[in-house]
Amino acid sequence: MTNPLKTLSGEGVAVWLDDISRERLRSGNLAELIEKYSVVGVTSNPTIFEKALKEGDAYDDQLRDLARRGVSVEEAVRAITGYDIRWAADVLRPTYESTGRVDGRVSLEVDPRLARDTERTVAEARALWWLVDRPNLMIKIPATEEGLPAITRALAEGISVNVTLIFSLDRYRDVMDAYLAGLEKAAENGHDLSRIQSVASFFVSRVDAEVDRRLGEIGTDRAAELRGRAAIANARLAYQAYEEVFGSERWKTLQAAGATPQRPLWASTGVKDPAYDDTRYVTEIVAPGTVNTMPEATLLATADHGRIAGDTVRGGYDRARADLDALGEVGVDYDDVVRRLEDEGVEKFEKSWESLLGGVSEQLGAVS
Numbered sequence: 001m002t003n004p005l006k007t008l009s010g011e012g013v014a015v016w017l018d019d020i021s022r023e024r025l026r027s028g029n030l031a032e033l034i035e036k037y038s039v040v041g042v043t044s045n046p047t048i049f050e051k052a053l054k055e056g057d058a059y060d061d062q063l064r065d066l067a068r069r070g071v072s073v074e075e076a077v078r079a080i081t082g083y084d085i086r087w088a089a090d091v092l093r094p095t096y097e098s099t100g101r102v103d104g105r106v107s108l109e110v111d112p113r114l115a116r117d118t119e120r121t122v123a124e125a126r127a128l129w130w131l132v133d134r135p136n137l138m139i140k141i142p143a144t145e146e147g148l149p150a151i152t153r154a155l156a157e158g159i160s161v162n163v164t165l166i167f168s169l170d171r172y173r174d175v176m177d178a179y180l181a182g183l184e185k186a187a188e189n190g191h192d193l194s195r196i197q198s199v200a201s202f203f204v205s206r207v208d209a210e211v212d213r214r215l216g217e218i219g220t221d222r223a224a225e226l227r228g229r230a231a232i233a234n235a236r237l238a239y240q241a242y243e244e245v246f247g248s249e250r251w252k253t254l255q256a257a258g259a260t261p262q263r264p265l266w267a268s269t270g271v272k273d274p275a276y277d278d279t280r281y282v283t284e285i286v287a288p289g290t291v292n293t294m295p296e297a298t299l300l301a302t303a304d305h306g307r308i309a310g311d312t313v314r315g316g317y318d319r320a321r322a323d324l325d326a327l328g329e330v331g332v333d334y335d336d337v338v339r340r341l342e343d344e345g346v347e348k349f350e351k352s353w354e355s356l357l358g359g360v361s362e363q364l365g366a367v368s
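In my numbering, the protein residues as written are 1 to 368.
Calculated directly from the structure, the hints in this document are not laboratory data.
Just to be clear, a hint being listed does not mean it is correct.
Stated by the list, open to error - Label pairs and their in silico Cβ distance ranges:
1. E23 / N3: 34 to 44 Å
2. G365 / T220: 53 to 63 Å
3. D304 / D90: 42 to 52 Å
4. E354 / R64: 17 to 27 Å
5. D221 / A256: 52 to 62 Å
6. G365 / E243: 19 to 29 Å
As the list claims (entries may be wrong) - Subject to a maximum C-alpha distance of 30 Å in a straight line, what follows is the list of computed DSS-like cross-link-like pairs (lysine-lysine):
7. K272 / K252
8. K252 / K54
9. K36 / K54
10. K6 / K272
Every residue gets a Cβ at the ideal spot worked out from N, C-alpha and C, and that includes glycine.
Please model the complete structure; the sequences and the hints are all you need to start from.
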């Protein structure tokens with residue numbers, strides 16, 4: 001029998017896990033996923049940490065020590081999340097070395113409440129880079145307008161960055177420009193460009209969820225025909241933009257200086273509509289030089305019955321453009337969709353962060 005995840009990796013798609021927890025680390029589960037399921041990276045976000053802290057007793061000892069020290073809730077959260085990310089980075093360190101420092105990466109997000117504040121985002125990125133102190137770390141910075149200059153400045157200081165919450169094609173081009181500008185400044189600052197890595201997290205399933213909702217409100221037969229097409233079309237056109245930017249003369253100059261491309265990372269790849277195949281956001285956006293970060297359920301579904309049929313992106317650009325054009329023709333405003341999704345994405349992560357702070361505060365009080 002073929003191993004779909006191994007086949008996917010062979011097509012040039014790095015398999016990352018979109019989850020982390022202390023229990024997953026101490027049980028050896030992450031190491032098992034690396035060994036048996038081709039996992040070569042990990043991403044995290046406030047929602048993931050909020051869920052992890054509610055389950056089991058893995059954090060009790062650290063929470064007790066933090067309570068005895070009387071630290072603030074914010075400091076406690078950073079101590080807890082930093083510990084998990086550092087541990088995961090150590091588990092993935094052999095992968096980091098064996099892939100020439102490309103994979104074996106673990107991402108930690110800046111406080112999402114800073115998403116609209118450039119200066120504080122940069123300060124937070126520096127602090128987290130120092131806190132975890134692992135070369136295979138990536139700092140997650142949201143691709144808001146205010147986040148773009150923060151991305152460039154972090155990269156210019158030699159900090160590897162996972163750019164998150166990308167929904168629109170125009171914003172994705174801005175992100176790639178911020179990456180190139182950051183590398184150019186990093187070179188001026190004397191940094192080794194080969195040690196700076198970045199991924200651009202282009203969100204997928206949330207696009208279909210929002211567009212399908214609007215198509216349902218329109219209610220015509222033509223609108224119904226377009227359900228489930230937006231997210232994959234959007235991702236495929238993002239890859240087309242990636243090929244253009246990383247085939248440019250500007251990029252070739254940086255590449256000659258040792259830089260590596262900022263890989264597109266397909267995020268939000270868990271299927272939200274049960275009517276759709278549960279592996280569609282894996283199998284339908286297979287292209288070389290990409291990353292797919294999957295929730296565990298999607299990872300296991302792909303391992304069980306995913307059908308990897310080679311590159312499913314290149315060659316589909318005309319159809320993708322036609323699908324997005326057709327959405328406009330029936331009344332779905334693409335610009336309004338992606339703007340709403342970005343605003344909602346920031347808001348959801350802010351709420352998760354506040355909930356995480358509240359949960360930690362409650363647990364600190366319970367063990368003190």
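Checked hints:
1. E23 / N3: 34 to 44 Å: violated, 26 Å
2. G365 / T220: 53 to 63 Å: holds, 55 Å
3. D304 / D90: 42 to 52 Å: violated, 29 Å
4. E354 / R64: 17 to 27 Å: With a Cβ separation near 23 Å, E354 and R64 satisfy 17 to 27 Å, so the hint holds.
5. D221 / A256: 52 to 62 Å: holds, 53 Å
6. G365 / E243: 19 to 29 Å: violated, 53 Å
7. K272 / K252: It is violated: about 39 Å lies between the C-alpha atoms, which goes past 30 Å.
8. K252 / K54: Violated. K252 to K54 sits at ~47 Å, over the 30 Å cutoff.
9. K36 / K54: holds, 27 Å
10. K6 / K272: Measuring from Cα to Cα gives roughly 25 Å; hence the hint holds.
When each numbered hint is compared with the structure, violations occur for hints 1, 3, 6, 7 and 8.
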